[in-house]
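Undergrad: Below are the chains, spelled out letter by letter.
Protein chains: 2
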Amino acid sequence: MAEKEITIIGAGNVATNLANIFKTKIGAKIHIHGRTEANVKFLAEKINASYSVKIEDIPFNSDFYLISILDDALPELVNNAQLKEQIDNNLVVHTGGSTPMDILKPLSENYGVFYPLQTFSKFKLIDFKEVPICLEASSGFNYDKLTKYAFKISENIRMVSSEQRKYVHLAAVFANNFSNNMFSVAEKILKDHQIDFKILLPLIRETIDKIQTNKPSKVQTGPAVRNDDNVMEKQAALLEGDVLLKEIYKLISKNIQDYK
Amino acid sequence: MAEKEITIIGAGNVATNLANIFKTKIGAKIHIHGRTEANVKFLAEKINASYSVKIEDIPFNSDFYLISILDDALPELVNNAQLKEQIDNNLVVHTGGSTPMDILKPLSENYGVFYPLQTFSKFKLIDFKEVPICLEASSGFNYDKLTKYAFKISENIRMVSSEQRKYVHLAAVFANNFSNNMFSVAEKILKDHQIDFKILLPLIRETIDKIQTNKPSKVQTGPAVRNDDNVMEKQAALLEGDVLLKEIYKLISKNIQDYK
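Line by line, the protein sequences give chains F and Z. For the first sequence, position 79 matches number 78 in numbering that gives the first Met the number 0, and the numbering has no gaps at all. For the second sequence, position 197 matches number 196 in numbering that gives the first Met the number 0, and the numbering has no gaps at all.
Among the hints, erroneous ones may be present.
The list treats identical chains as interchangeable, and a pair is accepted whether it falls inside one copy or across any two copies.
[To be verified] Under the rule of at most 30 Å between Cα atoms (straight-line distance), these lysine-lysine pairs were calculated in the DSSO-like manner:
(1) 233 with 259
(2) 151 with 3
(3) 144 with 259
(4) 249 with 147
(5) 249 with 121
(6) 217 with 249
(7) 24 with 3
(8) 233 with 83
(9) 147 with 217
For the record, the hints were derived by calculation from the structure and aren't laboratory data.
Sequences are here, hints too, so could you generate the full structure?
TA: Now the structure itself:
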């Protein structure tokens, strides 16, 4: 692939990880755009990219424009006439799980979605090799272009429609965000009793090990699935001081029983 | 350690894994006791142990007696006069997370707890090397005896009081049972939209990878922690048809925000 420029709009967790992997695996020239100069400059310097904070300074003729900002901020941005002028009918994509592809229509005739199914932090850059990249595009030509880029960074490329992607994102919220909150609750309970969270790591590793080859619904263990009311009552009582946690305990226990 | 007999009462997930590891790592002679002959015989034959279904057939003079049955069934068993006679004041322990050690007092003057902090299934036998073994005993002598056995199977031995153990067990329910239910919910959402659960495995592996070196509360990501109300509303709406799941979505999102 000839060296072409990619413009990334955003400097958050997803943008940072994509900018880094596009740089290292594709060797692309990167431009970072965003409204907060400190963030944009920090990312641009880290990967030796150019950057801008004014929309009129976004380069023309990027091979594609990747928008990775909060879903809430998208509706305003896609109606920005200046941005439309800069993009000049080149390919524009967003990285959001829950936003339809069509939201980008006002910006260009060529649009799509580049949704990496992973949890990203700025402080821990991801190796994308196994990360599923969910692609969608307004035409076969645009889809092929995205596929070429995606295959440079990952072996796991999927065509996922806007309708399916909503549910993939919802599933990811349960599988990652909500499971992590369960670990945080455990951390808090242990901390309140002077016990190090690390005592749980072998248990957590085994939990994940089991579902590499089995469906999670088939390997459920614990008091709820074995209807051990005695233990469930005792444990709910331990949460007496925390109304929200006690309710979460009861509802998830019920859900475990519903899934039997 | 001279070859001594260990009697295990129970043939469930925990009993099966302990019987197996005592056999392979300690080379102990094992006796399996339980009320359902099919289960007891199955386990005993697998590890070349003797077995019994009548309490009067439990051997005298085992080095210790390990009770691994449902918490609900313990109160009746500990008051069984015949069992007390068989144990004959030797060491008796249970493996429960949420039951105080003292429950065993009616059975013997020598008692304790041997609580392996792990999720167990009969179909996948665990290597105990890293499994925390939480020990408690009625005397220093009994504690030392349990420690000797525990160190033969694991490098991770902890002295944990009955009071602490309740909270360790509660934390384990969140960290394992409840996180597994979050994975099951994700599995169901994807299945309803013809998407394979395996698409989530890289995300789940990264979720766990992060907390090997960071506290989970410090690495929370997703719509709730970044107050993305737009996404949260859309996702709650996708769960419209499932009152329980929608409520779980809302409560965990709130809990994530409380932990910020």
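Undergrad: Quick one: which hint numbers does this structure break? Sort them smallest to largest.
TA: Violated hints (numbers, rising): 3, 4 and 9; every other hint is consistent with the structure.
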